[in-house]
Amino acid sequence: MEGHLIVTQLDAFEGASYQYVRAARAEVNDAYRLAGYILGDATEAQDAVQDALVKAWRNWPTLRDPEAFGPWFERIVVNVCRDRLRRHRTLRMVDLDDAGEVESPDIFGSMIEGDEVAGAVARLAPDHRIVIALRFWRDLTLEQVAETLDLPLGTVKSRLHYALRALRTDLKGSGDEA
Amino acid sequence: MKPEMDDVELAQLELRLRKSVVGHAPAAPDALVRFIDTVPVTEPAARRLSLVHARPGVRRAFFALAAAAVLVVAVAGTAALVTIRNEQSRGVPAAGDGWSWQRADGTLVSVSGQVAHGFVGICTSGSGSESLCSSGDGSTWAVPADPAIVSVDGPDQFWPGLIVRSGGVYLTIGSTPFCNSTGDCLASSAATPTPVSSRQLWRSTDGLHWSRIDSPALAGLVGDNLGMVAGAFVALVQTSEGTGTGSVLTSVDGLTWSTASQLPVRPDSFILEALSGSPAVSEPGTAGLCVGQLPSSGSVEWRSLDAKTWARVTLPPGIQFACGGRTSDGTYLGTGIEGSVGLSTVNGGRIVRSSDGLTWRVDQGNLPGYLLDMVSVGNRLVAEVVDSPVSPLASTTGASIWESADLGHTWQPLLDATGKQLHGRVRHLGDRVAFYSGSDRLISWGRLEWLGSRDDTQPVESPSATPSSTPSASHSTSPSRPEPTPPVTPSLGISQADAIRIAAQEASATQEEIAGASAMVVYGDLWWADAKDYRWVWKVIFTTVAGPTSGRQATVIIDYLTGSVITVRDLYA
Numbered sequence: 080m081e082g083h084l085i086v087t088q089l090d091a092f093e094g095a096s097y098q099y100v101r102a103a104r105a106e107v108n109d110a111y112r113l114a115g116y117i118l119g120d121a122t123e124a125q126d127a128v129q130d131a132l133v134k135a136w137r138n139w140p141t142l143r144d145p146e147a148f149g150p151w152f153e154r155i156v157v158n159v160c161r162d163r164l165r166r167h168r169t170l171r172m173v174d175l176d177d178a179g180e181v182e183s184p185d186i187f188g189s190m191i192e193g194d195e196v197a198g199a200v201a202r203l204a205p206d207h208r209i210v211i212a213l214r215f216w217r218d219l220t221l222e223q224v225a226e227t228l229d230l231p232l233g234t235v236k237s238r239l240h241y242a243l244r245a246l247r248t249d250l251k252g253s254g255d256e257a
Numbered sequence: 111m112k113p114e115m116d117d118v119e120l121a122q123l124e125l126r127l128r129k130s131v132v133g134h135a136p137a138a139p140d141a142l143v144r145f146i147d148t149v150p151v152t153e154p155a156a157r158r159l160s161l162v163h164a165r166p167g168v169r170r171a172f173f174a175l176a177a178a179a180v181l182v183v184a185v186a187g188t189a190a191l192v193t194i195r196n197e198q199s200r201g202v203p204a205a206g207d208g209w210s211w212q213r214a215d216g217t218l219v220s221v222s223g224q225v226a227h228g229f230v231g232i233c234t235s236g237s238g239s240e241s242l243c244s245s246g247d248g249s250t251w252a253v254p255a256d257p258a259i260v261s262v263d264g265p266d267q268f269w270p271g272l273i274v275r276s277g278g279v280y281l282t283i284g285s286t287p288f289c290n291s292t293g294d295c296l297a298s299s300a301a302t303p304t305p306v307s308s309r310q311l312w313r314s315t316d317g318l319h320w321s322r323i324d325s326p327a328l329a330g331l332v333g334d335n336l337g338m339v340a341g342a343f344v345a346l347v348q349t350s351e352g353t354g355t356g357s358v359l360t361s362v363d364g365l366t367w368s369t370a371s372q373l374p375v376r377p378d379s380f381i382l383e384a385l386s387g388s389p390a391v392s393e394p395g396t397a398g399l400c401v402g403q404l405p406s407s408g409s410v411e412w413r414s415l416d417a418k419t420w421a422r423v424t425l426p427p428g429i430q431f432a433c434g435g436r437t438s439d440g441t442y443l444g445t446g447i448e449g450s451v452g453l454s455t456v457n458g459g460r461i462v463r464s465s466d467g468l469t470w471r472v473d474q475g476n477l478p479g480y481l482l483d484m485v486s487v488g489n490r491l492v493a494e495v496v497d498s499p500v501s502p503l504a505s506t507t508g509a510s511i512w513e514s515a516d517l518g519h520t521w522q523p524l525l526d527a528t529g530k531q532l533h534g535r536v537r538h539l540g541d542r543v544a545f546y547s548g549s550d551r552l553i554s555w556g557r558l559e560w561l562g563s564r565d566d567t568q569p570v571e572s573p574s575a576t577p578s579s580t581p582s583a584s585h586s587t588s589p590s591r592p593e594p595t596p597p598v599t600p601s602l603g604i605s606q607a608d609a610i611r612i613a614a615q616e617a618s619a620t621q622e623e624i625a626g627a628s629a630m631v632v633y634g635d636l637w638w639a640d641a642k643d644y645r646w647v648w649k650v651i652f653t654t655v656a657g658p659t660s661g662r663q664a665t666v667i668i669d670y671l672t673g674s675v676i677t678v679r680d681l682y683a
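Listed in order, the protein sequences are those of chains P and G.
Mapped onto the numbering used here, the consecutive letters of the first sequence carry residue numbers 80 to 257.
Mapped onto the numbering used here, the consecutive letters of the second sequence carry residue numbers 111 to 683.
The following block holds chain G by itself, in its conformation from the complex:
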């Protein structure tokens, strides 16, 4: 029997234990700190909504598609799509049928909107941090933003949301970015949403110089909720973060705001989203303001055309929210969000139609699957569609791109130059459609690869000047690439099964190891590969404990988009 320790011996041992850790208290590696920001984006939480998993891209996409759905498009005949079968051109949008495509620089950019002399957005750098950026033509983006395109008055950081314009007045609701100690920032719309209390209204009367508007009436701005109703700017506020009641504020000039009505829904636990509309919209005033409440007992929705009076919306079965405007044929076209009650699950978007804008039915013609986004350009609607309900990593096929020339009654695949259907993401960019690669729903925006325009598009507002930054004054976030080389990055991410298969081959894993493999998608710089490069990767781990004194752990890092093996780390004990 071992003798017990006496108090002195115990005290000495405890002292030695405490001393042994002195000088060994490192801070967490930067990669680990940055990893935190990616977790809410990449990992599902127990009660998170399927839709929310894809934050912010999908959620924003839903609201974007809702806005886009009110667009009026001129009916045009469906012409045959030109298919140029050329494997070298895979992923390159096909020219023809009225389409022309301009190569963009591949920047990771979330575009806030068009301003007087170009475009403003939030660009993500190779290190993962985000910055205000600008572009004169929408294809080449510069960080820092060109002062000839966006100039900020005062010391506050300008981090714009969607930009709304009425006449000569531009407005946007900005937010405070989430920045770490090294100055790397993430936009509030990314993995680290800014609380509502830190949102601010910004105004410009020339589309160039922006100044912050401080008004007690604007306290409690929620989300990017800014739009136009009945010829006035509209913003939503709530009395305090997450609680209280909500109000609708209106303003003609963006300076003076007054309460138009109380929201007919409680704002607590609700995201309040606003859309600024688009250059091609439904007949003015026909979409109005739509607000919804989705309690567990069932969804409730109201619409207002004047921001003052409200009418109840009747939703079709399975649709939790629908909104849209009147089109040229006198009917209403909108988008609905399909999901279970309370949006505990969200399947995706559906095209809905109505004769009065209040009673909706689902009717999306031959369009398969679920909408993630829809935009218009020229006489076409362009939709981003997934073939199965939206769910985390549910699809490795990405979103397919469809177009319609008859108000969404019939749809055709939008093809690339090889005749294959394009996959990716689409957004409005002025009078053009922005086509993003990296279409999987883990990536909020992806890289801006192409700008598409239609020959029948009437330019909405060509930038009066397109002052591009000189190399010495600023740098583009990624170098321009010559046309017509196809995109380097495919739009699809590889599946978990493929990742494990590739990793197993690379690591010569046994069947037992394969069966017990763990695989997860992470976004971060590749600290494990001695490369400072942010990207999405599969991290596949094979572990074997062969006995009390032996074992193996092989970690294989695979590029999520390309499937190429980045590094293999084989550990033995």
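Same shape as in the complex, but just chain P:
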């Protein structure tokens, strides 16, 4: 049997796709939780992370250091979630078939409905909701939140302050005596 060998330039893709898959697999759980906390709906979270994964791959060439994938991808997830929140005006979609029911079957929905504080967070404006999720649910430092949101530290502090104040107002308004 005779054959021949060919050498061509395409290996960059193999390496990139391998690195992408490996990095994305390492981050997908955190990304899913973060999206779920922000969006309050498992299906929405899954769709958001899917969108983020696609965006991440499309922008992979802009990522100079694959080791920095985590924070970079988290930023993409947050941006996707923010877009979704703004598009949906913070309203949670309800299955038409289940329109008569108010119970949420997913874990993020039950978190919002079962916990007064989480429910109050879900009623915050998108930017406030995101900063709360990153700071307290994703447990990032203020500096990390600023990096993720690509905002000055002062802006993050201010946003967090107003978010907490809005939360307190909401909780007090609902009769909570925290």
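Hints may contain errors.
[What the hints assert, rightly or not] Label pairs and their in silico Cβ distance ranges:
#	chain 1	residue 1	chain 2	residue 2	range
1	P	H240	G	T672	37 to 43 angstroms
2	G	T366	P	R137	56 to 62 angstroms
3	P	D218	G	A327	29 to 35 angstroms
4	G	V472	P	P150	44 to 50 angstroms
5	P	H240	G	A137	55 to 61 angstroms
6	P	R137	G	P265	22 to 28 angstroms
7	G	D473	P	G149	26 to 32 angstroms
8	P	D218	G	D116	21 to 27 angstroms
[Stated by the list, open to error] The calculated SDA-like cross-link candidates involving lysine to any residue, where the alpha carbons are at most 20 angstroms apart (straight line), are:
#	chain 1	residue 1	chain 2	residue 2
9	P	K251	G	R126
10	P	K134	G	K129
11	G	K129	P	A147
[Stated by the list, open to error] On the chain P side, residues computed to face chain G include the following (Cβ under 8 angstroms):
#	residue
12	L230
13	L232
14	R247
No wet-lab data here; the hints were simulated from the structure.
All residues carry an ideal CB built from backbone N, CA and C; glycine is no exception.
Fit chain G to the known structure of chain P by using the hints.
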């Protein structure tokens, strides 16, 4: 003015916030994890090559076509193609004109090659995972692989690439599959390529029992680069992954390897591809070893007939790489890759010819468009052609199948039993041509539907035995279907426009929603449809925000291949 929070109040609120998430930390759904693997295949990246988008099928196809192009085919007269117009037979290859077709079982299989007692490949199951599989006759595939066809010595997982045979020695470069925590694996040739450092050489002296060959000389094997040059096995290595220099190793027995020469191109950032050739090849030694480098300043290519000395190849305008062997008429026939400098874009393959194998010109007769693949069977060349440059989702017509009986000077459509041109993918399978459905370039291989052979084909190597697995010992990846029912799955995927149109009708979308619709092709199990079934689908989403308190989001899932609506999810707020 609202009073500011004091520190105690703030601490309490923060504590409540942190507590609220306790017990609500689910892992990502399996479908989402598996989705990751599909992204590099289905989604274009900013700097990705058009050719690469279709990885692995198209890229492999290009190298396959390059191998096939060196085939010698006996010139035969062009006979009229038999066209039996029968709508029931659409998609069924037409018998006649020397062709006979055998129904395959529709398995998703990437065939590594022929071994002593059958064929070995990597099969994709309904859940999307991949496994070593085997077939006694090429038409019915079994997972796990039949131990009478492939038997592995030692604990290592055998995940073969192309299988090369010389005399009684079989070689293949294997790789380590990418497996998730649940044990589902993807071959390195799929969406998750294995780094070069994890490739291994496997050897068999009987075409049945395989053992791994460990040698320091083989460290850094790249790709599936394994072939035959000047009567010796040839493999390419590089000193380290992605860097350093490359070497050409040769071996007579597959056990002892020595450096024959240094590669005249730098291996970094290059894919090094090898082809094992095919049963019907050009005159021995006339194709040799072709290596190319495609820097931004322009492509450079060398050829070697002995793996030691190298001669510069002259390429025609627009062709970045060309290689082929001498045919029976004394001229050289090969395939070239047409693209811009550096392969930043790839249009597709072209048939090239040469009087010496070094200076090439494009000449593909009346064959339209661009080659994706070309194989030979009997006295025919069979080509898989797209009519427009290769690009992601550029064509919904799939690849059309053409045949030539005169070394590629003139081409005729290969017709199905209704007289329509076949669309799909073609590969070599022993002395036959394997015809795959699912021809769109998103699917790497598609389902093996038919095996075609020619009456004038001399059997190359009939399996000495065709031990098929008993149902209790193994299971076929898909049940056999009776002849001559036409394929259930059409070879074409529907276009984005059609997907949106179908979805709009199904979801009663408004014109505004249609205008703002998003549609993407995804591959995954249908978790959104409560069905565990991996397939390619269009996911079309219509979104309307009617006001601060109302909106609608309708998601329609459509089978990418058939256009049938799988599910509609209408959400209102």
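(message) Flag every earlier hint the structure violates by its number, smallest first.
(response) When the structure is compared with the hints, numbers 1, 2, 3, 5, 6, 7, 10, 11, 12 and 13 turn out to be violated.
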